[in-house]
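Enquirer: Since chain A is already given, all that's left is putting chain B on it; use the hints.
Order-wise, the sequence lines are chains A and B. Start counting the first sequence at 1; every next residue gets the next number (the working numbering). Start counting the second sequence at 1001; every next residue gets the next number (the working numbering).
Source of the hints: derived by calculation from the structure; they are not laboratory data. Bear in mind the structure is a predicted one, so any value in this text is a computation, not a measurement. There's no promise every hint is true.
[Claimed, not checked] Taking lysine-lysine pairs in the DSS-like style, the calculated list, with each CA pair at most 25 Å apart, reads:
(1) B:1209 / B:1119
(2) B:1117 / B:1132
(3) B:1196 / B:1185
(4) B:1053 / B:1251
(5) B:1129 / A:15
(6) B:1201 / B:1117
(7) B:1132 / A:14
(8) A:15 / B:1132
(9) B:1196 / B:1209
(10) B:1209 / B:1132
(11) A:31 / B:1209
(12) A:14 / B:1129
(13) B:1117 / B:1196
(14) B:1119 / B:1132
(15) B:1053 / B:1117
(16) B:1196 / B:1129
(17) B:1198 / B:1185
(18) A:31 / B:1053
[To be verified] Computed beta-carbon distance windows for the label pairs:
(19) B:1128 / A:15: 23 to 29 Å
(20) A:58 / B:1239: 43 to 49 Å
(21) B:1246 / A:92: 25 to 31 Å
(22) B:1128 / A:73: 55 to 61 Å
(23) A:56 / B:1152: 21 to 27 Å
(24) B:1080 / A:54: 48 to 54 Å
(25) B:1209 / A:89: 52 to 58 Å
(26) A:87 / B:1201: 56 to 62 Å
(27) B:1198 / A:44: 25 to 31 Å
(28) B:1135 / A:89: 39 to 45 Å
(29) B:1032 / A:14: 26 to 32 Å
Idealized CB from N, CA, C, for every residue including glycine.
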Amino acid sequence: MDNQGPVWEVFLQKKAGQPFVHCGSLHAFDKEMALENARDLYTRRGEGCSIWVVPSNAIVASSPEDFGPFFEPSNDKVYRHPTFYQIPDAIGHM
Amino acid sequence: MTTKEALFKYILRIGDTNLILGQRLSEWTGHGPFLEEDLALTNITLDITGAAKSLLEYAALVEGNGRTEDDLAFLRNDRQFFNVQITELPNGDYARTIARQVLVDCFDFYFYQELSKSKDETLAGIAQKSLKEVTYHLRHTSAWLERFGDGTEESHNKVQLALNELWQYTNELFEMNEVDEILIKEGIAVDLNVVKTKWEKHISDLVEKSTLIIPQNVFMQTGSRKGIHTEHLAFILAEMQALPRMYPDAKW
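Chain A on its own, in the form it takes in the complex:
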């Protein structure tokens, strides 16, 4: 079928305060339909409390060829990881 509308990406927030996490994509012809379809496809079992839908073509993505120059230079720089700090348990989700 080629007439099911443009693709949208769906982001769900599990609880207030938590980040929105990408959970999948869907087809819809307008914003309202995208939001409703996201609700029906991804939140029927209490998976979230808030939804973002974004037209897929509005997302700018890196390509696999970029992997080397984008990500490899960080591999040998251990000092970028704050592993020397103790995080108190009370801080919780971080």
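Expert: Frame of chain A; chain B shown alone:
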């Protein structure tokens, strides 16, 4: 008629309307216009069938002669069903299914608002739960009515034709008889005149927003309060009831 008999008939009327509409809508499952909308309508269908189950369960309890909700759903004949006729009509195309659904969702939205104030706690509870579901159904189907009405010339014509043909079945939603009279006095039933005023205003605004027209001077169908139906109901029942009637002890 005793209050108990009236209550039984009242619950059957609401339960049957949900059951038959749910059965009708379930025909779309796997055949929706595209995957996402197929799922959306199937979700709506499940909500409606779920309400039917709660209501028929309660009807069986009120009747109190050992019949279960399954007996009520699967072992009654068409003349013993009290669903409004609009629910048994064939789905037609998607515009027609949406047009019917908007008319019924909007009725349910105001009906459940009133019923959630009922002195019958079980009915009030079912109404409160259903109201949340129906609020979403109405939002979803209203958006589709607007898309069809204000869409292409073809979608506009199809949905207008559907409205023209369905309108004759809308007055049945608001018909009241002895059952309502008895139960309104007890604070159990809803005064459907109140629902009608709100429904007419809502539908009129929505239809106008969708660039459609409400048909005028339409002859109104009637009958379901007495168990009189269109020729379509018996066919739905034949399909829905075939298995339990053929294998009465089947378990699933």
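Enquirer: Take the hints in turn and mark each one as holding or not.
Expert: Results for each hint:
{"no.": "1", "hint": "B:1209 / B:1119", "in the structure": "violated (37 Å)"}
{"no.": "2", "hint": "B:1117 / B:1132", "in the structure": "holds (15 Å)"}
{"no.": "3", "hint": "B:1196 / B:1185", "in the structure": "holds (19 Å)"}
{"no.": "4", "hint": "B:1053 / B:1251", "in the structure": "holds (17 Å)"}
{"no.": "5", "hint": "B:1129 / A:15", "in the structure": "holds (23 Å)"}
{"no.": "6", "hint": "B:1201 / B:1117", "in the structure": "holds (22 Å)"}
{"no.": "7", "hint": "B:1132 / A:14", "in the structure": "holds (21 Å)"}
{"no.": "8", "hint": "A:15 / B:1132", "in the structure": "holds (21 Å)"}
{"no.": "9", "hint": "B:1196 / B:1209", "in the structure": "holds (20 Å)"}
{"no.": "10", "hint": "B:1209 / B:1132", "in the structure": "holds (24 Å)"}
{"no.": "11", "hint": "A:31 / B:1209", "in the structure": "holds (18 Å)"}
{"no.": "12", "hint": "A:14 / B:1129", "in the structure": "holds (23 Å)"}
{"no.": "13", "hint": "B:1117 / B:1196", "in the structure": "holds (17 Å)"}
{"no.": "14", "hint": "B:1119 / B:1132", "in the structure": "holds (20 Å)"}
{"no.": "15", "hint": "B:1053 / B:1117", "in the structure": "holds (21 Å)"}
{"no.": "16", "hint": "B:1196 / B:1129", "in the structure": "holds (22 Å)"}
{"no.": "17", "hint": "B:1198 / B:1185", "in the structure": "holds (22 Å)"}
{"no.": "18", "hint": "A:31 / B:1053", "in the structure": "violated (34 Å)"}
{"no.": "19", "hint": "B:1128 / A:15: 23 to 29 Å", "in the structure": "holds (25 Å)"}
{"no.": "20", "hint": "A:58 / B:1239: 43 to 49 Å", "in the structure": "holds (46 Å)"}
{"no.": "21", "hint": "B:1246 / A:92: 25 to 31 Å", "in the structure": "violated (59 Å)"}
{"no.": "22", "hint": "B:1128 / A:73: 55 to 61 Å", "in the structure": "holds (59 Å)"}
{"no.": "23", "hint": "A:56 / B:1152: 21 to 27 Å", "in the structure": "holds (25 Å)"}
{"no.": "24", "hint": "B:1080 / A:54: 48 to 54 Å", "in the structure": "holds (52 Å)"}
{"no.": "25", "hint": "B:1209 / A:89: 52 to 58 Å", "in the structure": "holds (54 Å)"}
{"no.": "26", "hint": "A:87 / B:1201: 56 to 62 Å", "in the structure": "holds (58 Å)"}
{"no.": "27", "hint": "B:1198 / A:44: 25 to 31 Å", "in the structure": "holds (29 Å)"}
{"no.": "28", "hint": "B:1135 / A:89: 39 to 45 Å", "in the structure": "holds (42 Å)"}
{"no.": "29", "hint": "B:1032 / A:14: 26 to 32 Å", "in the structure": "holds (29 Å)"}
In this structure, the hints that do not hold are numbers 1, 18 and 21, in rising order.
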